[in-house]
Amino acid sequence: MGWAKKMGEISSKWIYILLAILLVIPLLVPIPLPLTPSHYTMEVYETIESLKPGDNVLFVIDTGTSGWPALGPGVIALVEHLFRKDGVKVFFVEFESTSPPLVDRAVAAAPSASKKKYGEDWIHLGFVAGEETGKASFAADIRKVISVDYKYGKPIDEYPIMKNVKNMNDFKLIVEPTNAITWMEQAIRQWYTPYHVPIISIPPFLDVPWAENYYRAGQLKAYLAGTSGLAEYEKLLGMYGDATRGLAVMTTTHTYAIILFVIGNISYFLSRRKKEVK
Amino acid sequence: MTSEIFKRKELVFALIAFLGLWLFLDYSVVEPGVQSVTADILKWATLLGGFMLIYGGLEALRYHSKVVYKKQRNWYWSAYFVAIVLVYVFSGLIQGSKGMIPQWLFNNMLDPASATMYSILAFYIISALYRTLRLRSIELAILSLVTIIVVAANDPIITIYVPQLTAVRDWFISVPNVGANRGFVIGAAIGAIFLGVRVFLGRERSLVR
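Top line first, the protein sequences correspond to chains A and L. Those letters in the first sequence? Residues 1 to 278, by our numbering. Those letters in the second sequence? Residues 1 to 209, by our numbering.
Bear in mind the hints are in silico, worked out from the structure with no lab data behind them. Remember, predicted model here, so these are calculated numbers, not experimental data. Don't be surprised by glycine CBs; every beta carbon is placed ideally from N, CA and C. Certain hints may be false.
[Stated by the list, open to error] A short, non-exhaustive set of chain L residues, derived as facing chain A with CB atoms under 10 Å:
id: 1; residue: 17
id: 2; residue: 18
id: 3; residue: 25
id: 4; residue: 47
id: 5; residue: 67
id: 6; residue: 68
id: 7; residue: 71
id: 8; residue: 144
id: 9; residue: 157
id: 10; residue: 181
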């Protein structure tokens, strides 16, 4: 076997071992990287900055446990930003069944959460079944699908934050990080189209090109794109979180991917030339 | 005799058509009376969604219990499933969803297992990129080139030296990608409208087979 052919047939085992090393090293040894926030990130930031005291924000965590490692840092950054805004009230709700415990995790990780009072500044409404139908139902009348909060199991009307909040018309903004683009599409169909409440999202990274459709059509107000988008947001807030650490991982692994692509193609062309010469 | 009436397909189609047209009316007409009835219909649908979750869980439990009972192939995985479901459900019923055992199972089993499943994708993607992105034809060359530009544009080290890559990536995502996707989305939406019309007219009979 010629060396050119060998280059094109590296065992998966070695590819995986090297990838694992390249994934772990940047997490152990922080690599400082320059970051300039893109216009996508700036739009999300400015949308939240434009909120005024008394505005209600619906925060829908539909990342599920599978999407949390990738999207979680962005969720924490958005929660932190909303909690920094004086007088802005945050309502957490989930339509994905594994997501409810993630709200506590996000709130616990947001440094400004300690300044906010449960039931007055924020509330966790819990899980609503039925996916898209659940979303439509929630938008039409919150009390028809939720009677008690998730955190303490008390009737939601006992909390001051729920006063004057009846349906989707009472929200100024929807934030929906999601691990499947279909969740975001449901929100656009059931919330943006009938009620015109702007939506900002963190779509799953593989679905960023799909989210762009809705962004260009104006149905999605803004979104954070990929690990770089999340890291840029952390930078805007002055946080050093998992997204910034993840960006270093992206650098090593993406460079590795490009090197593998080049090696694979050099091997392919050299092997083909040898065959032609024969 | 009464039960026979409820089994009639015409009744099912009439119900589907009525509910579908009502929701369509609500979407198009802003009328408080219509909206109030719609909220009730949607509440029933949400309740049904909740019941379906329970039904799905019970059905999975029934299937895997049968596999364990008959000691079919890989029955021990089914036994593991049944054990976890029973522990999770009963501990949740006794301690509540925020109890010690359900929380421990969530944080130490479901959460890391889900994250691992998702993370494994990285290994498959890198292997696929190495083995399949070969410049064998013009089509593959275009696909490979765009892929590598997008990958490189997401690499902060590379964009320090070639900042123009970001603009090229954004152009690919916002122009050719959106153009192609819109065609697909609009085509699928028109298909969905016609499917809806067929359902309302009772022509789409696969629903009640």
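Review point. For the hint on residue 47 of chain L, does the least C-beta distance to chain A fall short of 10 Å?
Key: Check passed: Cβ of residue 47 of chain L comes within 8 Å of chain A, closer than 10 Å.
Exercise for review: Answer holds if the nearest beta-carbon of chain A is closer than 10 Å to that of residue 157 of chain L; otherwise answer violated.
Suggested key: Hint on residue 157 of chain L: holds, closest Cβ of chain A at ~5 Å, below 10 Å.
Review point. How about residue 144 of chain L: closest beta carbon in chain A under 10 Å, or not?
Key: holds, 7 Å
Exercise for review: Would you check whether residue 17 of chain L satisfies its interface hint, that is, whether its CB is within less than 10 Å of any CB in chain A?
Suggested key: violated, 18 Å
Practice item. Classify the hint on residue 18 of chain L as holds or violated, based on whether any CB of chain A lies nearer than 10 Å to its CB. Key: violated, 16 Å
Check your understanding: Is the shortest C-beta separation between residue 68 of chain L and chain A less than 10 Å?
Key -> violated, 25 Å
Exercise for review: Answer holds if the nearest beta-carbon of chain A is closer than 10 Å to that of residue 71 of chain L; otherwise answer violated.
Suggested key: With a closest approach of 31 Å, the residue 71 of chain L hint is violated.
Check your understanding: At a threshold of 10 Å, is the proposed contact between residue 25 of chain L and chain A supported by beta-carbon distances?
Key -> Status violated, d = 13 Å.
Exercise for review: Tell me if residue 67 of chain L is really an interface residue toward chain A, meaning its C-beta lies closer than 10 Å to one of theirs.
Suggested key: violated, 24 Å
Point to revise | Interface hint for residue 181 of chain L, Cβ within 10 Å of any Cβ on chain A | key: Since chain A brings a Cβ to about 5 Å from residue 181 of chain L, closer than 10 Å, the hint holds.
The structure fails to meet hints 1, 2, 3, 5, 6 and 7 from the earlier list, while all remaining hints are met.
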